[in-house]
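Now for the letters of each chain:
Protein chains: 2
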Amino acid sequence: MATTRGGIDLGGTKIEAIAVDARHNVLGSARHPTPTSGGPEDVVAALAGAMTEACEAAGVKSSQLSGVGIGSPGVVDEETGTVSGARNLPGWAGSFELGPALSRELGSPVLVGNDVQVATEAEFHLGAGREYSSLLGVFWGTGVGGGVILNGKPWLGRGGAGEIGHMVVEIDGARCPCGRRGCMEAYAGRGAMEARARRKAEKGDKTDLFKIMEKKRGRTKLTSAVWWRAYDRKDKLATELIDEAVRALGAGIASAVNLLDVELVVIGGGLGVRFGEPFVERIEQAMQPHVFNTEHPPEVKLAVLGDIGGALGAALLGGQAAKRAPKAARAR
Amino acid sequence: MATTRGGIDLGGTKIEAIAVDARHNVLGSARHPTPTSGGPEDVVAALAGAMTEACEAAGVKSSQLSGVGIGSPGVVDEETGTVSGARNLPGWAGSFELGPALSRELGSPVLVGNDVQVATEAEFHLGAGREYSSLLGVFWGTGVGGGVILNGKPWLGRGGAGEIGHMVVEIDGARCPCGRRGCMEAYAGRGAMEARARRKAEKGDKTDLFKIMEKKRGRTKLTSAVWWRAYDRKDKLATELIDEAVRALGAGIASAVNLLDVELVVIGGGLGVRFGEPFVERIEQAMQPHVFNTEHPPEVKLAVLGDIGGALGAALLGGQAAKRAPKAARAR
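Residue numbers (our numbering), protein chains in the order written: chain G, 1 to 332; chain L, 1001 to 1332.
Don't read these hints as lab results, they were simulated from the structure.
Mixed in with the good hints, there may be bad ones.
Heads up, simulated DSSO-like pairs for lysine-lysine below, C-alpha to C-alpha not over 30 Å straight-line [stated by the list, open to error]:
1) K1153(L) / K301(G)
2) K216(G) / K203(G)
3) K1200(L) / K1323(L)
4) K153(G) / K1323(L)
5) K153(G) / K1153(L)
6) K216(G) / K61(G)
7) K1301(L) / K153(G)
8) K1216(L) / K1234(L)
9) K215(G) / K200(G)
10) K301(G) / K221(G)
11) K1236(L) / K1215(L)
12) K1200(L) / K1234(L)
13) K1206(L) / K1236(L)
14) K323(G) / K1323(L)
Across the chosen pairs, the derived CB separations fall in these ranges [as the list claims (entries may be wrong)]:
15) A1201(L) / E295(G): 35 to 41 Å
16) A1201(L) / Q288(G): 32 to 38 Å
17) H1125(L) / G12(G): 52 to 58 Å
One-sided and incomplete, this derived list gives chain L residues near chain G with beta-carbon spacing under 10 Å [said to hold, decoys possible]:
18) G1011
19) V1257
20) D1261
21) F1292
Backbone N, C-alpha and C define an ideal beta-carbon position, used for all residues, glycine too.
Model the full assembly from the supplied sequences, consistent with the hints where possible.
Shown next as structure tokens:
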């Protein structure tokens, strides 16, 4: 039991908590919606609730966890466990000491990491990247996040590395949700794709995207499942926007590869996982005209940990929390 | 004398050789034109000639050099000293063991590195980057080369990293000399800029670029000096093409910065050095709309070693050659 760890993937819509053993087998899990109102304290309560439920499923008490990791959006200071500017979380424009707050709640040491980075490390240590020493993780979802592993270690820069979604693929191109122009995410992010679909539909382009969305109870957003359904039905607008997304992903990922010459590119994220292998192939084809090192292009693979990758990466961080914590804290 | 090292910058048009002491003070130098016909053996003879002349100026024999480094174009295998596909050198489409060949000629141990990478290391160890631990070197010349230093060490990937010139800034954009479309170099490389200038002049665009070129005896190419003169005289076409180059550099470098979050960008190369500080500022401004980490943009500085940076970086490699070589080879 002393080696049971917790991992929590804190997303804008859901919280995924897991309890794992030392070999990262999942012993129990729980999924809760992320609070949409209130503030950081409410998020902490929801995290604690989900983690406790996962522990119950695993047959342990949350205070017995040797360490807990959180993969969080926003700007993360790993040393202090502080999260800043997490705009997808309620009342979280400022800074909040998430790690210490959850540690008090659970009675276990807690470390906080960036969500995309922990998902990249999960694929590196436990998933598609296990046999490689350098890789680029590309998480294709609401935005397009990137994680960089070089020489077996995460490259974080000064804390802001991996912003592959904001590499420029068209100077003066489409407006990105970040406010800039021509970013890869302006074409490939699910958020930007939905905004374009709405604009085009308003201008009279025919599409079933919004009908499909409404059929899914309670949905007000174009989820990955909605995009997939529309694409599968050969909806013209959906196909057009997805083709454009793939083109942008190809150019942006190839640019990153030309700079870093990594061994492997791993495609994950909501859209990446939902669209699966055929789209990994399409993205690889879209990279091809731009990859400079034609004799040694990188391998391109689908993330194998799927939806649970973020939580598994957070659990890896939980293992580090256990090692760093003084014995007193662990014994508590 | 035992600590005197040699460094040779092997370029497509000139060979720059220097002899330096252990503190990298230049004791002697020589500049020869690169052979335009023949094959690798002729290049080796020219390298040996330049190195010997630099040694004479320094008052040492070339066989007394403790080690020699070469910064070479093409694909370099540092282990074997083999250079492949150096298309700017005569008869060098295949592979040739440059390091061993020059070592036999000079009687000193020789290491070969990539020209852009050694110039980046020179700026890192001896130039603009001395106080930083991560930087991106951007060499703006005939092409646009890039060198990456992370955590104080060069990042070479699988040998093909740093191709910043072939990051995509416009999907389906202008044709690049590499054959691809929309690369940064297609707008910012001096080779591509000249090709565009010639096409536009043929179509009737007025420009003094070629008149200025002809006034420089023997010139058949638009050198950095020619571009500078035309720009300084407010030549319309030259200004237009240089503005476009700066725009592409801004987008491409910002993309690299968004991925790597380095502390420093160093601008060097023929055009970079000739255009100097005012253009470093212009490039920094052109990056600004694309840099994601607006609170902590990297510093952007001019390469301080100028024309001699490549040879100094090669001399650093010469120092490594001295350390690696067995005593017997050094005593020779």
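Consistency of the hints with the structure:
| no. | hint | result |
| --- | --- | --- |
| 1 | K1153(L) / K301(G) | holds, 28 Å |
| 2 | K216(G) / K203(G) | holds, 24 Å |
| 3 | K1200(L) / K1323(L) | violated, 53 Å |
| 4 | K153(G) / K1323(L) | holds, 28 Å |
| 5 | K153(G) / K1153(L) | holds, 14 Å |
| 6 | K216(G) / K61(G) | violated, 36 Å |
| 7 | K1301(L) / K153(G) | holds, 28 Å |
| 8 | K1216(L) / K1234(L) | holds, 19 Å |
| 9 | K215(G) / K200(G) | holds, 21 Å |
| 10 | K301(G) / K221(G) | holds, 28 Å |
| 11 | K1236(L) / K1215(L) | holds, 19 Å |
| 12 | K1200(L) / K1234(L) | holds, 17 Å |
| 13 | K1206(L) / K1236(L) | holds, 8 Å |
| 14 | K323(G) / K1323(L) | violated, 40 Å |
| 15 | A1201(L) / E295(G): 35 to 41 Å | holds, 37 Å |
| 16 | A1201(L) / Q288(G): 32 to 38 Å | holds, 34 Å |
| 17 | H1125(L) / G12(G): 52 to 58 Å | violated, 44 Å |
| 18 | G1011 | violated, 20 Å |
| 19 | V1257 | holds, 9 Å |
| 20 | D1261 | holds, 2 Å |
| 21 | F1292 | holds, 4 Å |
Hints 3, 6, 14, 17, 18 from the earlier list are contradicted by this structure; the remaining hints agree with it.
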